[in-house]
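Visitor: Let the sequences and hints guide you as you build the complete structure.
Going line by line, the protein sequences match chains L and Y.
Under my numbering, the residue at position 124 of the first sequence is numbered 124, and the numbers go up by one with no gaps.
Under my numbering, the residue at position 6 of the second sequence is numbered 1006, and the numbers go up by one with no gaps.
Bear in mind the hints are in silico, worked out from the structure with no lab data behind them.
Idealized CB from N, CA, C, for every residue including glycine.
Treat the hints with care, since some could be wrong.
Stretches of chain L that chain Y covers, calculated by requiring three or more beta carbons in the stretch to come under 8 Å of a beta carbon on chain Y [to be verified]:
| no. | segment |
| --- | --- |
| 1 | 65-77 |
| 2 | 87-94 |
For each label pair, taking beta carbons as the anchor points, the in silico distance ranges come out as [claimed, not checked]:
| no. | chain 1 | residue 1 | chain 2 | residue 2 | range |
| --- | --- | --- | --- | --- | --- |
| 3 | L | 241 | Y | 1005 | 36 to 44 Å |
| 4 | Y | 1059 | L | 260 | 31 to 39 Å |
| 5 | Y | 1129 | L | 260 | 33 to 41 Å |
| 6 | Y | 1036 | L | 263 | 20 to 28 Å |
| 7 | Y | 1143 | L | 260 | 52 to 60 Å |
| 8 | L | 275 | Y | 1074 | 43 to 51 Å |
| 9 | Y | 1105 | L | 254 | 35 to 43 Å |
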Amino acid sequence: MLAINKPTTLYLPQSESKRASMYFDLPYGSHYSQAPFQLKRAPALAAFAAYSSISAGVAIGMTTLSGALMIAGGVASLIGAFTGNEFLTKFGMVAGIAGGVTGAFSAAGGGAFNYNPLTEGFGGSQLGAAAGKAKDFFGDIFGNSEAVDAMGVTGDATIANISESAVPSVTADSFASDAASSFGSGTKMGVDLSAKVGAGATKAASSGGGLFSQLLGNKDAMNLVGGAAEGYNAFQDREAQQPLIDSNVDLRNAQTGQVNFETNLAQDRYNNMQAQPGSNISVNQDAQVFAGNQNQTSPRIAVAINGEVKYMTTEEYAAYKQQNSSGGGLLQQGAA
Amino acid sequence: MKEFNGTPQEIGEEISRAIPPKLQEAFARVVKAGMKVMFSEQTHQMMMEQLSADGEMDQVLGEGIAGLMLLLFQKSNQTMPPEVIVPAGIYLLSEAADFTEKIMKEKVPAEIMASSISVMTNIILEKMGVPKDKMDAAMNKAAQGGYQ
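Guide: So this is what it looks like as structure tokens:
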């Protein structure tokens, strides 16, 4: 069925008119002016602004947070220094401090992450100092207990200054012994596990020297390395899974699109089956839409009465004929 | 060395350079998703709300981009590396400001950019579990050489 909407003219203040035109995606003012077209393609930020206050939190680990701060810190410092923005200037400072953890341990390579202490001889004291500052910072931010838990640092001692007595004596032999015992004893496929693992661990511990020995001698540093490696591995896992997630999302979108299409198709078919011819199909039911007279419900016909043309509805004409059987004849029929 | 003027384009370039190679791909993916959401045909009507929103430009930009980043993070089923949230936010903020410059025929000052980034960063950090008061205190301590 043909549907014709009668145009409605609203007279609004200019600002309201502009707002309404954009809301309903209708042209405003001159069709040749640029602003409405461009504005309609401007970034839709306001809708997201509300989301910032209602969205759930972003659960991240300490290592991840230090990485996040460190990347943005350099640019924040730059902009802060240029504009005098106090927040960005200070943010740059703490980002450098917080990034001490990531900078010290990440071997990701490149940019802020390109320092590899295992290959570039990062000294134990530097390691401890950087991590100690970061630990202080995170302690201030999250409270000491959380920072301690997250970074594996006990008490108020920094890694650099931790007392020897607090660290169990770890030697090459004891490390080898621990490693062997963790693998268990016995023989598998003719190989003495204790002997093999123990020997390998002894060799690794004794030949490492330098940083390796220092790390082995400091359980907190080991925890810290473990935490950093864990965070890095988690990130690697996420990265590896991303293509699969993307493809699943694409697949789901495609399936949703197909379901929507089929639903629309079924709806159209149903509507077509339900369509019935109207009782008055020879008359355009929308013919009166623009006539300006909403009370006029049926077309009038022209009749000749006593030599004069009169316009009346079919009902009026029928009544007239009944009263005056010899009345005039029908001249024409059609919409008035 | 190229002079830095704090324009949106320069800030976008700077933050892109700061991304470690390992995160470049994730960064690009997040930026692409953000651009798609910001400039898509489906969301352009929301711009009306932005233009009629009360408040300063830095608040509108900062809060808008922060919300967008959090939305993207949630929509990624939290698989988006959190490290790229703030950097990608800064980049998208620079894109939004750049666009605003073009349609308004008016420069977005570096101070507004800085303020927008501050607003956005504060919101995101709070969502990351960093309380604002404690962050402010730590920043003041850092400024006074407290972590030396």
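Visitor: Which numbered hints are broken by the structure, listed smallest first?
Guide: Violated: none.
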